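Put together the whole structure using the sequences plus the hints.
In order, the protein sequences belong to chains A and B. Residue 894 in the numbering used here sits at position 245 of the first sequence, with consecutive numbering throughout. Residue 127 in the numbering used here sits at position 146 of the second sequence, with consecutive numbering throughout.
A hint or two may mislead.
[Unchecked claim] With a straight-line cut-off of 25 Å between C-alpha atoms, the simulated BS3-like cross-links for lysine-lysine are:
no., chain 1, residue 1, chain 2, residue 2
1, B, K161, A, K867
2, A, K789, B, K174
3, B, K72, A, K716
4, B, K161, B, K184
5, B, K(-8), A, K867
6, A, K687, A, K830
7, B, K184, B, K(-8)
8, B, K174, A, K867
9, A, K867, B, K185
10, B, K189, A, K867
11, A, K867, B, K184
12, A, K853, A, K903
13, A, K789, A, K867
14, B, K45, A, K716
15, B, K45, A, K867
16, B, K4, B, K85
17, B, K72, A, K789
[As the list claims (entries may be wrong)] The calculated label-pair distances, taken between Cβ atoms and stated as ranges, are:
no., chain 1, residue 1, chain 2, residue 2, range
18, B, T140, A, F842, 54 to 62 Å
19, B, P20, A, L876, 58 to 66 Å
20, A, Y752, B, T11, 48 to 56 Å
Please keep in mind that the hints were generated in silico from the structure rather than gathered at the bench. Source: prediction; values computed, not measured. Quick reminder that beta carbons are idealized off the backbone N, C-alpha and C, glycines included.
Listed here are the chains, written in short residue letters.
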Amino acid sequence: MHPAFSVIFFTVTSGAGYGLISLLSLLNFLNLGMLLDKNTFFITAGVAIALFTMGLISSTFHLANPKNAWRAFMRFRTSWLAREGLLAIIFYPLIILYLFLIYIDFQIDQYFFMQAYSFFIFLVSIIIIHCTGMIYACLKTIPQWNTFWTPINYITIGIFLGSLILFFIFYLNGVDVDPYKYYLLSAIVLSFFTKMSYYFSIKKHTHNIRQATNAAIKLKSTNVRLLDVGHTGGTFLTDEFGYKVAEKKLLRVKLFSIFFGFLAPFALIYTHIFLFESIIICFIAICFAFLGMVAERWLFFAQAKHVVNLYHGAQNV
Amino acid sequence: MRLGLVVDLDKCVGCNACAIACKQWNTSGTSGSLTDYRPYGADPSGVFFNRIRHYETGNYPDSKTVHFPMSCMHCEEAACVTVCPTGASYKREEDGIVLVDPEKCMGCNYCAWACPYGARELDREEGIMKKCTLCVDRIYDENLPKEERKPACVMTCPTTARYFGDFDDPNSDVSIASSKRDGQELFPELGYKPVNQYLSPRKKVEIKQHEISEPDLVRKVKDWVNKVVEL
Ligand code: SF4
Ligand code: SF4
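See the structure below:
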């Protein structure tokens, strides 16, 4: 699949934004939010909102007819893309009201309501990331995406990036981050293992040319070759789906994303917590993690092979 | 009704007439235009609803070329419709034709991702997804004589390799052709339940290979004697 930069940017930043807000509301739900001063709380929420808003805006950049983008919520009963869009829009009034209640000191520890609301915000933000993952995972035409690991990866990576930012902002604002250190390290480890499980579970080849052309080639089903693809030049389909990357390059990007996305942030955060405290180290960890995740998303697209390639000359997808 | 096509792969000669007739009719039809990009430039490209692929199978003497026209299959389980967020893609209740409403489409390409058969092409100039309409603007047109109320591709095919009709009607052209020749749907593993069917090429008469066998001993001796005598 052709990796469009706007879509890569959208999935990474909106995932991080919703991951961050989910953690913040979870803290409130667990009554840990009291430990924060309002300032820190609102800065964190602001960063989260900025992140997923940027993501949403960039997701409209790849539309060929953006003037109809407002219709994108219509088919929420069947379309994961519509569900994601709808929830993302509904989320704004929800989160604004939530922040407002906190702002006017609608005490969270006294009111069951606020606790329920916090949990609700947590749940909705996780569901939104899940929807983003399902946009890809529901497609039977792209076997490498059509797995339950896809939404799990989106969620764990969103939470991982969110945790990093949360940790950073808290540290910057002098919040005692000690209780969060093991949590943060385990968020990195968890997203690493779920991503590795994805890599191990996806198959390079799931369908072959004979399945795709069964009707034509019923006679002698050995040795089927495409002679002529039926178009003299490139088409929309060859542009969109005919993206081929050399195996070596894929491997290089994979190693790059594993190193910068998971190993380096883990090592840096570990250093920061146990060996040498430094805000710069934390910041570098965030930069590396985002860089690694952009590479990871690029790979997610570049590695995916649409079955239509079987009609364009591929023997396997 | 379940309208669709049957393509006889034994008859199809791969002449591309259906693709051209399709383009000609539909570029000024309800889904028009089918934009061409750089038609006289170095790398022309453009929107088509119907593409004819050519396959080669087996090795001589059992080899065969198969011409393979592909357009929208108007699937019963049309994921292109269910994934479309705007509701622009829809499948008609009354006859099962899958269409795109250009007023609603936002050009997100998601439906094209969901289609296994490569039946959808974005018109980059209009920003709208385009696909085969089964000539919905022809087949119901009462101004046309009855025998012309067929998709342009079916009308034009010089070898009559294409049939059009209602699969729910056991007496339609398509039902008869399909039951006689065991019509096949494409890529059934994916579960889209395509309506269009293909008639696989029939088994060819085997071409005998006349192999020259190793000469026996008597023959070898005779040959040798002949050679010596000739010398
Ligand atoms: S062939 Fe493709 S575009 Fe046509 S109905 Fe099936 S999935 Fe949709
Ligand atoms: S490109 Fe148009 S028809 Fe296709 S899924 Fe997007 S909005 Fe629907």
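Against the structure, the hints come out as follows:
no.	hint	verdict
1	B:K161 with A:K867	holds (16 Å)
2	A:K789 with B:K174	holds (13 Å)
3	B:K72 with A:K716	holds (24 Å)
4	B:K161 with B:K184	holds (15 Å)
5	B:K(-8) with A:K867	holds (15 Å)
6	A:K687 with A:K830	holds (22 Å)
7	B:K184 with B:K(-8)	holds (13 Å)
8	B:K174 with A:K867	holds (19 Å)
9	A:K867 with B:K185	holds (12 Å)
10	B:K189 with A:K867	holds (21 Å)
11	A:K867 with B:K184	holds (9 Å)
12	A:K853 with A:K903	holds (15 Å)
13	A:K789 with A:K867	holds (24 Å)
14	B:K45 with A:K716	violated (49 Å)
15	B:K45 with A:K867	holds (11 Å)
16	B:K4 with B:K85	holds (23 Å)
17	B:K72 with A:K789	holds (19 Å)
18	B:T140 with A:F842: 54 to 62 Å	holds (58 Å)
19	B:P20 with A:L876: 58 to 66 Å	violated (25 Å)
20	A:Y752 with B:T11: 48 to 56 Å	holds (54 Å)
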